[in-house]
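Please arrange chain B on chain A, whose structure you already have, making use of the hints.
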Amino acid sequence: MPRVLLIEDDAAVRDGVSLALRRRGHEVAAAASGEDGLDLLPAFRPDIVLLDLMLPGKDGFEVCRRIRADRQLPIIMLTARGDDLDVVLGLEAGADDYIVKPARGEVLEARIRAVLRRTALPADGATGPAEPGPAPVETYGELAVDRAGLVVSKGGSDLPLAPSEMKLLLFLSATPGQVFSRQQLLEHVWEHSYHGDARLVDACVMRLRNKIEDTPRSPRYVQTVRGFGYRFGPL
Amino acid sequence: MKRPRPAGGARRTLLPRSLPRGLRARLVVAFLLVAAVSALTTAALTYREARTAILQRSQDTAIQDLRGQVNSLAPDLAVPPTREDLEEFARQLDRSGRARDWDVDVRYEGVADHVRSWRRPVDVPEELRESVEKRHVTAFQRVADRNGDPWLLIGMPVLQSQDGSRTASPLSVYAQLPLRAEEANVEALVSAAQNGALPVLGLAVVPALLAARGVLRPVRGLRQAAGRIAEGKLETRLEVKGSDELADLSRTFNDMAAKLEESVADLRRMEANARRFAADVSHELRTPLAAMSAVTDVLDEDADALDPDTASAVRLISQETGKLARMVEDLMEVSRFDAGAAALHLDEVDVAETIRKTLQARAWQDRVGTELPDGVRARLDPRRLDVVVANLVGNALHHGGEPVRVLLRAPEPGDGRLVIRIADSGPGIDPEVLPHVFDRFYKADSARARSEGSGLGLAIAMENVRLHGGTIRAANCPEGGAVFTVELPLAEPGAGGAEPSGAAGTRGEPADAPVDGPRGRGPAAPAGKADQT
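Residue numbers (this note's numbering), protein chains in the order written: chain A, 1 to 235; chain B, 236 to 768.
Just chain A, with the same shape it has in the complex (with noise of 0.2 Å):
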């Protein structure tokens, strides 16, 4: 069963959250603080973290970029704010998911789902719409895409991909040239079925291209159509 590592302040929050997973199957490890946590991540070893925003000492967005600077972990982010801004710092700062307070069991458990299934992706990353087959290695420009190891690299050095950013690119790289809406990105990458949020695309599309792309401002290899949606290339 997945192992949940919860960074949460509030003791009150930080049980029940707990308890409601634990009763789910989940192994979960609890901290009171940013500091706790990381210092906790290398014994636990976590298969996602879930981690509240507003922290004493360090705060989530720098717990989450701590994370994000040596490990491919999924992070779902816990915040009592529901506002705009805080939403889409939390998501640029390299959070998969974000989660709204207070939510149920069941939502945590859906939501902790749609975002492993994600990060599992060796094993129905093919049923895509697009069979890698014979080609394991798919070059565009100066970026080889490895579907079935899993490895992005681009002139020839290999780029650290959250599992999010991996998911997105993969997806629109496997047609080229193909536009998909906020909505049908949503559907099809975070597998949300529940109505998503297209600030979690725009959010990932953006850090996606501060790793691939040689001028994010002006992109090559995924770009926008304005007011519709992303696709990649053509190149």
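FYI, nobody ran anything at the bench for these hints, they're computed from the structure.
Possibly wrong hints are sitting among the right ones.
What the hints assert, rightly or not - Below, a sample of chain A positions facing chain B; criterion: calculated Cβ distance under 8 Å:
id	residue
1	Asp10
2	Val13
3	Asp15
4	Arg23
5	Gly25
6	Leu73
7	Arg104
8	Gly105
9	Leu108
10	Ser181
11	Arg182
12	Phe228
To be verified - Simulated restraints, written as ranges between beta carbons of each label pair:
id	chain 1	residue 1	chain 2	residue 2	range
13	B	Arg708	A	Asp214	45 to 55 Å
14	B	Glu470	A	Leu19	50 to 60 Å
15	B	Glu470	A	Lys211	26 to 36 Å
16	A	Pro234	B	Arg708	41 to 51 Å
17	A	Glu191	B	Ala578	38 to 48 Å
18	A	Met54	B	Gln459	44 to 54 Å
19	B	Asp573	A	Lys211	38 to 48 Å
20	A	Arg3	B	Glu536	14 to 24 Å
Yeah, the Cβ is synthetic: ideal placement off N, Cα and C, and Gly gets one too.
This is chain B only, laid out in the frame that chain A set:
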């Protein structure tokens, strides 16, 4: 004064232009009238006095001279005189009065025919002759000859001294002398008055304009300031100069503006405080709710294993926690709207698809009949549309009656509006309640004080529709049940948007297919009925 013209111009041209309009024109005209009246009055009075004075003086001196001459010459006259004596007497008088240019005629009672005729033939009026010859008084009269030239006619009886008393003699002297010189003087006066008055009137325009400007500048300032206040620039103040009524008015205006600004600032502060309080309360409620919400499923699951009383207590807690969480969410949303922090994230979406997802996400697809034509695409905020549809359908399910129908009307080309109707089959809305259904926390039925929702759902739906620039209406169907109509303006689909949206349409088909199943299973009858609404 230049700027207001365009605003009033259209109206002004409609009015007859015969009368001067506007304060400035009226002030100038009034000023000129006063100047004209005073100039004319002064001129008339001066003319009258001067004319009287001139004529009086010449009359007096003429009479005096004549009397002197007559007195000095009359004693030499033979009594009774012959015609020749009279002639000689008249000639002597004539000669003596050469300087005055008078013309003398002498009459003696009994010597009927007067010898010489007047050089200038002016008839002596009968009245004058009578007062001289019968009453023996000196008389004079101004007469005009046939040419219209003015003459002074003097008739003078000659008195004789007899035994110390003066008695009238039969001799009387008439003289006429021209008044042309005096008349010329008077005429000069008139023309001087005329020549003076017109330029003076012309010159009076200048002080009139200056005075009008002096009065009108503060008035104009006042008008502009009032306009700025009306635009919401409450910090507008007038410069107070002097201590006249206009200065008082400006001061009063400034006081008013200051009071207004103060009370508006007070109101804004109170409003901001109230908003912040609502937001703070909601935030603070969220943390405990986060803990409670996370474990309510645990309570629900375990309730079955508990004894009935504890089980119902546990279920109640679980339910109420959910309600409380929803209420806090709604409050947050409302406070965001109040603070103006709600932003639209427009995206081009398939409207039918979005509505279907809303119903699916809440597991309502079996309880709600739909009529959702495919291919209706619009640029809107899908999250907010979801809130609108969810709140309206939720309201219909809780307060109306099933079956609930959701209708999307495909917009006619060029219509520019997207219409979504949500109708229920309940008893409808009390007409008294109808205007208030979108009010916050409005309880339609005070007996049912605790309803399912937070009392904010419809208010939030309305705010979301408004944010899109659309409208929302509540009404009752003729065949019963309430119907909520949402109209959203369709943003002009960009020319470039046509190609990708077509591509997405084909792309979207497979995804739609599984969703079509439950939709097809929806009750057919309500959908048909909904068609008629």
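These are the hints, each one checked on the structure:
1. Asp10: 5 Å, holds
2. Val13: 5 Å, holds
3. Asp15: 7 Å, holds
4. Arg23: 5 Å, holds
5. Gly25: Since the shortest Cβ distance to chain B is 13 Å, the answer is violated.
6. Leu73: 22 Å, violated
7. Arg104: 5 Å, holds
8. Gly105: Where the cut-off is 8 Å and the nearest Cβ of chain B is about 4 Å from Gly105(A), the hint holds.
9. Leu108: Constraint on Leu108(A) satisfied, holds at 7 Å.
10. Ser181: 6 Å, holds
11. Arg182: This interface hint holds because 6 Å falls under the 8 Å limit.
12. Phe228: 4 Å, holds
13. Arg708(B) to Asp214(A): 45 to 55 Å: The hinted range 45 to 55 Å holds for Arg708(B) and Asp214(A), with Cβ atoms some 53 Å apart.
14. Glu470(B) to Leu19(A): 50 to 60 Å: 57 Å, holds
15. Glu470(B) to Lys211(A): 26 to 36 Å: 50 Å, violated
16. Pro234(A) to Arg708(B): 41 to 51 Å: The hinted range 41 to 51 Å holds for Pro234(A) and Arg708(B), with Cβ atoms some 47 Å apart.
17. Glu191(A) to Ala578(B): 38 to 48 Å: 26 Å, violated
18. Met54(A) to Gln459(B): 44 to 54 Å: 50 Å, holds
19. Asp573(B) to Lys211(A): 38 to 48 Å: Distance hint for Asp573(B), Lys211(A) holds at roughly 40 Å.
20. Arg3(A) to Glu536(B): 14 to 24 Å: 22 Å, holds
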